[in-house]
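> Go ahead and model the full structure; you've got the sequences and the hints to work with.
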Amino acid sequence: MFKRQIIFIFFNLLMLNLFAQGEWNNWYFGGYVGLNFQSNPPAVLLNGGLGSEGGMAVVSDSSGQLLFYSNGNSIYNRNHTLMLNGGNLLTLSGHFLHTVYAAPFIEDTNKYYVFTVPSNPYTGVFGLHYSVVDMRLDNGLGGVVAGQKNIPVAGGNIVRFVIFGIRHENKKDFWLLTQEHLSTNVNRYLAFLVDKNGIHPPVISNSSVSVALASG
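With the numbering used here, letter number 99 in the sequence shown gets 89, and the count goes up by one each step, no holes.
The hints are simulated quantities; they were obtained by calculation from the structure and are not laboratory data. Be a bit skeptical, because a hint or two may be false.
[Unchecked claim] Here are the computed lysine to aspartate or glutamate pairs in the DMTMM-like style, where the Cα-Cα straight-line distance is at most 25 Å: (1) Lys161 x Asp124; (2) Lys186 x Asp98; (3) Lys101 x Asp51; (4) Lys101 x Asp128; (5) Lys186 x Glu97.
Structure below.
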């Protein structure tokens, strides 16, 4: 458990440069709790709407105002209620490191990608998916766009469990990073470029070191 928490914090620190400073002011951890970093020391938040454990995606605006957060199954708005059309996302529930990730569209500040990774042997649904949140919906509380929910990502069918994002060197686009399905080849890593044109097919890299990111 401790190792999983350290890795989770490490990758979240890597992703800080994907957002402006205020956009990382709110962190939620499941268990209905979180932290707000606008004060020193950080304020403990006890108003979270999600009790599940595991990775969470939290999005705030540049002023530090909470916009939404998700455990990969559901998306909650800043009022800590279920976002419009924000239920029944495809993801793997449980004590896994990070099966959900949210990031802004490159040239539309009102829209966000919410990436999830389901792994359900009973339904046969696997691989990387995304949904689109538009903050202009529901009187500014945001909502998942109709018809843009649980969309499979091309080339992401072999992805399982863990996803992270990191800013491209051009300071505008970003890379979505993940690992190949554990039952195939954990020595292969996939990097999906996300730019103004959308999500590109993955760049696949082989490694001589086997690192199973799925568990602690």
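> Next step is simple, just say for each hint if it's right about the structure.
Outcome of the hint check:
Taking the CA atoms of Lys161 and Asp124, the gap is about 23 Å. The hint holds against a cut of 25 Å. Of the pairs offered as hints, the one joining Lys186 and Asp98 holds, with about 9 Å between alpha carbons and a cut-off of 25 Å not exceeded. Taking the CA atoms of Lys101 and Asp51, the gap is near 12 Å; set against the 25 Å cutoff, the hint holds. The straight-line distance between the Cα atoms of Lys101 and Asp128 is roughly 13 Å, inside the 25 Å bound, and the hint therefore holds.
Of the supplied pair hints, the one linking Lys186 and Glu97 holds, its CA atoms being roughly 6 Å apart against a limit of 25 Å.
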